[in-house]
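S.K.: Heads up, my numbering is the position in the sequence shown plus 651, with the first residue counted as 1.
The hints are simulated quantities; they were obtained by calculation from the structure and are not laboratory data.
We put the CB at the ideal spot given by N, CA and C, even for glycine.
Hints are not guaranteed to be accurate.
Stated by the list, open to error - Label-pair restraints from in silico Cβ distances: (1) L767 x R660: 17 to 23 Å; (2) E708 x P753: 34 to 40 Å; (3) Q678 x S764: 17 to 23 Å; (4) A702 x T680: 21 to 27 Å; (5) E708 x T733: 35 to 41 Å.
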Amino acid sequence: MNEPESGIRNISDTARWVAVYRARETQRTDAVFRDPFARQLAGERGEQIAASMSFLEKNSWPFVARTWLIDHVISSQVKLGTDMVVNLAAGLDARPYRMNLPGSLQWIEVDLSEILA
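Given these sequences and hints, build the entire structure.
M.R.: In structure tokens:
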């Protein structure tokens, strides 16, 4: 079965798709995290992708839980003295900009060139 035209066309589309769910969580009054960059990172393309995945409209909790859990792990490890994060398949992750992290923390992102450009 083919995806609709607005569906995922390449792997880099998944980064925009996930950013939509971070943006939607940010808009909630009871949000478990805030990502003020997510809406812009998702862009119109991200919204098109999310709209084509309508079965996830009411099931966005895995995206929210994943983001919250990774935030928690990073915060906990930094408090224990971790001084470097290597973020594999970084996507459009805004953690180094939206989290309260020490300026001395080294943050290295690894992903496809079209994502990091």
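S.K.: Now tell me, hint by hint, if it's right for this structure.
M.R.: Hint by hint, here is what the structure shows:
For the hinted restraint 17 to 23 Å between L767 and R660, the CB-CB distance of approximately 19 Å keeps it satisfied. Taking 34 to 40 Å as the suggested C-beta distance range, the pair E708 and P753 conforms, at roughly 37 Å. For Q678 and S764, the hinted distance range of 17 to 23 Å is not satisfied, since their beta carbons lie about 31 Å from each other. Taken as a hint, the range 21 to 27 Å holds for the pair A702 and T680, whose Cβ atoms sit roughly 23 Å apart.
Between E708 and T733, the C-beta spacing of about 36 Å keeps the proposed range 35 to 41 Å intact.
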